[in-house]
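Peer 1: Mind docking these for me? Both chains are given alone in their own frames, and the hints should help you get the complex.
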Amino acid sequence: MSGKPNATPSVGEREALLSRYVDDRLDVEERASFERWLHDNPEDLERVRNWQHHDRLLRQRYDALAHTAVPERLLKAAKRASRRSPVRYAVAAAWLLVGGVLGYLCALMVEHNAPDLPEITFWREAAYAHAVYVPEVRHPVEVGADQEAHLVAWLSKRLGTKLRAPHLAGFGYTMVGGRLLPGSDGSPVAQFMYQDGAGHRLTLYVRRDMAGTRETAFRFAQEGKISVFYWLDGPLSFALSGELDRALLLDIAQKTYQQLNP
Amino acid sequence: MPIQQDIVAEIPRLRRFARALTGDAYRADDLVQDTLERALNKWMLWRPGNLRAWLLTIMHHVFISQTRSHKAVEYYPEEMLPELPARAAQDEGLALRDLDRALARLSLDQRQVLLLVTLEELSYEETARVLNIPVGTVMSRLYRARERLRALLASQDGNAHLRVVK
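Listed in order, the protein sequences are those of chains A and B.
Here the first sequence is numbered in our numbering, starting from 1 and rising by one per residue.
Here the second sequence is numbered in our numbering, starting from 263 and rising by one per residue.
These are calculated hints, taken from the structure and not from any lab test.
No residue lacks a Cβ here, since even glycine has one placed at the ideal position from N, Cα and C.
Warning: the hint list may mix true and false statements.
Computed from the model, here is a short list of chain B residues facing chain A with C-beta under 8 Å [what the hints assert, rightly or not]:
#: 1; residue: Gln266
#: 2; residue: Arg275
#: 3; residue: His322
#: 4; residue: Val379
#: 5; residue: Leu393
#: 6; residue: Pro396
#: 7; residue: Met401
#: 8; residue: Arg408
#: 9; residue: Leu411
#: 10; residue: Arg412
Chain B extracted, bound-state conformation (with noise of 0.2 Å):
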């Protein structure tokens, strides 16, 4: 079993890919909540290898089963997305905010693999076995979520409904 200190630091990380999954931070820490029990019940199928890869697999098998629970997806309606402690330039706050939002637009197969691969870092092989799909899967999905956010960014670029945020 990966021994509890390993487990504790994984933490930080599950809550901002569980955050940029779900949009609310809030539903993010109970996703973590969730996936670290999960986890912890299932120690006995631990195997030495990628800690997080392993732990991420547990957050997509909770994740999908919450889901269902649900029915769908629940977003929060835009202005209520809440806000993240962002530590980025103000000048780039603005844009910052329409990504969060982008995102939220995406497919959750798109969203998904769009996150593993850029903000986990994980090989396109590696998000494949989390995800449970095949690699050509992964490679389509990352295509199709990448040029997605594109427009959707593209269309908010001097878009006149944009909302200021101070």
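Just chain A, with the same shape it has in the complex (with noise of 0.2 Å):
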């Protein structure tokens, strides 16, 4: 309405428009306009004010417990995991131990040269990027899945190499569409995101792998509720992230990696 400044806004512009301008949150212009048509409108003008003086006295009424000491009991809180977190990386380290032997032990089974990969850190990536961006209402994906040739393309070129998409509505998941995110190293990676008639969402996350060409079998990693199965096969590195049960997101991932490898 910056344009308008005395067009009527409609419920929710309106709504909007009195909370940032409480909470300073317009730009100069937006501002300016906002003033106008405020002293057009005496009854949002009273508004405005009874709930500034309201956020300054509800800033006032807690701001003093800021400044009283923090009980002793808080900080110890705090300082138990300090003296906790020596033992947690010990566990931590075995495990890391046993899995690195399992790990060394099975690449031997399967005669692939032993995969001393930076897998957990990206799996747990893929976890994390799954953890963000599934819950998104509004904004779940850049590109949306109408697009869907162009969205391929375009990751496509930024990872460096031919990318596809899998067609998972066999499991009763249609793509939603996909978006392009910095890896750990700083390198583009693609994620796709899938849902399904309940709202439940897997991506795929797929990065590239500067080491070379590569084949693993499925691992399985688990990060809090999100379920991962991820695989290197060629110059990718691919992970599937769900909140599903592990055997369906395996059957899952392994038409992934047929679809990806006809």
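Peer 2: Now the structure itself:
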């Protein structure tokens, strides 16, 4: 409404403008324009003054507490962790060692080179990206599935290798779309998102692995509630993440692998 | 992992928020303690960014699960609301206590949004992420929270049954 200072905003617009005005989240132009509008709408002007007054009282009321001494038990709660951490590091290190040995043995059994890879980082990265974007209601993806060809071409270009997006309709999942993300090493990563009729979402996280062409079996990992199957396939690393049953996720991962290797 | 001092530095603000959210000083500190413990167990999930928003997100989850286990948010009767060490001027004391009670009458949803935006000064987007709701919902809850607060405080102004607190 910046161009039309006296135009009547819709109900939702008016509510949002009132809040943004009081919270000082309008830019200079919007602010000036809204002030002109308030001038002609004394009820809302009164409302804004009331809100501002109450916000000030609220801060005053509770700020006092931010200046009182922190009880010992809370400081202890923070300190307990620092005592516990070395143990946790040791436990984590022990598990890594066990995992490493098992991984090595498995690799020997299937006659692959021992994949001593940065996969722990990779799958966790995928799980984090899943956790961040899956709850998005308005912007789950950058490019929607309605522009699938463009999406795949774009992500292929950015990753510097030909990508394909699997179709998982056989499992009831349709593609929502995808986005480009920065990987932990700064390289571009592609994320495709799928959704079923109940709104459950899966993500396929694809990174180009500079180390060269390798292939591994599916591996499973879990971060909180998020299950991840991940594998290497030629120059690409894949991670399929979802909050669903491990067996079903493996089925979907296998199907994905097959589709990408026709 | 954020270093211990960073988390310790956030404790006063967490207490302030928890106090405003729960309306009770002891319950607030319990909530902060549980939040700290959960945070320190979950530090593997920490990613560099807004530490305060991360801690507030954890507090939200802890509070919701506590609230569920209590079935309903328990509020102490008004006369039992403990006093805060308010540093406000004497003549403002009354208004501040009215505010405390009015805040306790907002729905939990409204109170959370109002406190995250005004007290914690989170952006609307950060507030939406902490509560895991769309930004549009943040905006409508914020509006309703402020209007309800206004109505509650207006009805108290000059009201005969206003309790005089010395």
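Peer 1: Please write out, lowest number first, the hints stated earlier that are contradicted by the structure.
Peer 2: 3, 5
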